[in-house]
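*Asks:* Spelled out, the chains give:
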Amino acid sequence: MKIKREFILKKLNENTENELDVVIAVGAYAKNINGYIKLNETAVFLWNILRGGATETELVDALLKEYDVKREIAEKDVKNIIAVLKKIGAIDE
Amino acid sequence: MSAIFYKKKPFDIDKNKVDCYNKCGYCHTFIIDMKNVYNIANFNILIEYKYNYTFKFLEDFLVRDEVKPDFSISLGEKDILKEFSLSEIKIMDVVESSAILRKLANVLLEKYSTVLFHASSIKYDDKAYLFTAPSGTGKSTHTALLKKLLGDKLKYINDDKPFISLNGDVLIVHGSPWRGKHRLGGNVSAPLKAIVKVVRGKENLVKKLDPINSLNLLLEQAYSYDDVEATSKLLDIINIILTKVDFYELYCNMDDDAPKVSFENILKGEHK
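Residue numbers (our numbering), protein chains in the order written: chain A, 301 to 393; chain B, 353 to 624.
Here chain A stands alone, though its shape is the one from the complex:
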């Protein structure tokens, strides 16, 4: 799985209390998102890996390596985030 390049992630208001990580879609994909989507820290972490391409298992392993979290939780989080990204059409299988 890989993130389509028409989906852009940006960090806004960095180092302020209003810091925000947003995803915007370009061109024909713009209608898939209503304005933008806000990502939390975990989602940003996974997004950056997905940019280069990864399987679900690789994503879970990366989470476990980086964060102190149980495998079941990591698997659930990865599944949830993949579902959202697929729903907005951001993923190339």
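To be clear, the hints were calculated from the coordinates, so they are not data collected in a lab. Glycine is no exception: its CB is placed at the ideal position from the N, C-alpha and C atoms. Hints are not guaranteed to be accurate.
Which stretches of chain B does chain A cover? Using the computed rule of at least three CB atoms under 8 angstroms from a CB of chain A, they are [claimed, not checked]:
(1) 570-579
(2) 588-600
Listed below are the simulated DSS-like cross-link pairs for lysine-lysine, each with C-alpha atoms no more than 25 angstroms apart in a straight line [to be verified]:
(3) B:Lys560 x B:Lys442
(4) B:Lys463 x A:Lys311
(5) B:Lys585 x A:Lys331
So the derived label-pair ranges between C-beta atoms look like this [what the hints assert, rightly or not]:
(6) A:Lys304 x B:Glu572: 44 to 52 angstroms
(7) B:Gly488 x A:Val369: 45 to 53 angstroms
(8) A:Asn318 x B:Ile443: 53 to 61 angstroms
(9) B:Lys612 x A:Gly352: 55 to 63 angstroms
(10) A:Gly327 x B:Met606: 48 to 56 angstroms
(11) A:Asn315 x B:Lys408: 27 to 35 angstroms
(12) B:Lys463 x A:Glu314: 35 to 43 angstroms
(13) A:Asn315 x B:Gly488: 54 to 62 angstroms
The hints should help you fit chain B onto chain A, whose structure is shown.
*Replies:* Frame of chain A, contents of chain B only:
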């Protein structure tokens, strides 16, 4: 000068449109290949076009002296076809000026950190203010009332599509030929001080606009760039606008007090 009346033939619609653009004089007084330099957003731009409508449209920004242009804009077949399909008005001269805007907006963003916004923009006390709202909500009505209140102290920058450039870390608002049906504004510039979201309300009231809604506002009113690189640059500039500019929400009914409230709370000196 060539104005040929062109008979429509029932084949290849795309080719037909291109021929229509290049040769047909049916809808227009004349078509001539024109090349002039215009000063827009602080750049000297050589623009090539064909229609008299476009000439009149751009006229106030024409540079009559000999200058070396910073860059040039010309339209290809693809540009015309794309604009024709996107345009509500299927008449070639309107399509031409829209296509020029699209090309210009993309070059200005790609190379010169300049974005295009949909807003009514005014200059007061050497600072620029943008009034934004969905079409028909009353942003132009409001700036017209402000103009009535403040007279010559207020100048229009652009009533419809101003450019905003980022120079170093200074944001400057510039006029453009795309300035609404009353053609308000001209080649005027000023540093951007505040952006105001105009909302219809029972009472006239000004509030600060929170960061999330400020972001929504900017995304909604920014010109839509189809290119990934351009959109990425747009977001970078939006990020800077969010940190440097004051954002307000202006609730207003259409009565005569509305501009006073807006003037007292936004344009005048100390901001709350």
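*Asks:* Three residues or more, CB to CB closer than 8 angstroms: is that satisfied between the segment 588-600 of chain B and chain A?
*Replies:* With 5 residues closer than 8 angstroms to chain A, the segment 588-600 of chain B meets the three-residue bar; holds.
*Asks:* Count the residues of the segment 570-579 of chain B whose CB lies closer than 8 angstroms to any CB of chain A, then report whether that count reaches three.
*Replies:* With 6 residues closer than 8 angstroms to chain A, the segment 570-579 of chain B meets the three-residue bar; holds.
*Asks:* Straight-line Cα separation of lysine 560 of chain B and lysine 442 of chain B no greater than 25 angstroms?
*Replies:* 41 angstroms, violated
*Asks:* Does the hinted range 45 to 53 angstroms hold for glycine 488 of chain B and valine 369 of chain A at CB?
*Replies:* Since glycine 488 of chain B and valine 369 of chain A have Cβ atoms about 50 angstroms apart, the given range 45 to 53 angstroms holds.
*Asks:* Per the hint of 54 to 62 angstroms, is the separation of the Cβ atoms of asparagine 315 of chain A and glycine 488 of chain B within bounds?
*Replies:* Once the Cβ atoms are compared, 39 angstroms apart, the range 54 to 62 angstroms for glycine 488 of chain B and asparagine 315 of chain A is violated.
*Asks:* Does the Cβ pair asparagine 318 of chain A, isoleucine 443 of chain B satisfy 53 to 61 angstroms?
*Replies:* Violated - the Cβ-Cβ distance for asparagine 318 of chain A and isoleucine 443 of chain B, about 45 angstroms, lies outside 53 to 61 angstroms.
*Asks:* Could one say that the CB atoms of lysine 463 of chain B and glutamate 314 of chain A fall in the range 35 to 43 angstroms?
*Replies:* Given a distance of about 25 angstroms, which is not inside 35 to 43 angstroms, the answer is violated.
*Asks:* When you check the alpha-carbon spacing of lysine 585 of chain B and lysine 331 of chain A, does it fall within 25 angstroms?
*Replies:* 20 angstroms, holds
*Asks:* Between the beta carbons of lysine 612 of chain B and glycine 352 of chain A, is the distance compatible with 55 to 63 angstroms?
*Replies:* 57 angstroms, holds
*Asks:* Taking the CB of asparagine 315 of chain A and the CB of lysine 408 of chain B, does the distance hold inside 27 to 35 angstroms?
*Replies:* Violated: the Cβ-Cβ distance is about 49 angstroms, outside 27 to 35 angstroms.
*Asks:* Is it true that glycine 327 of chain A and methionine 606 of chain B lie within 48 to 56 angstroms of each other by Cβ?
*Replies:* 38 angstroms, violated
*Asks:* Is the distance from the Cβ of lysine 304 of chain A to the Cβ of glutamate 572 of chain B consistent with 44 to 52 angstroms?
*Replies:* Violated: the Cβ-Cβ distance is about 23 angstroms, outside 44 to 52 angstroms.
In terms of the numbered hints stated before, the structure departs from hints 3, 6, 8, 10, 11, 12 and 13, listed from lowest to highest.
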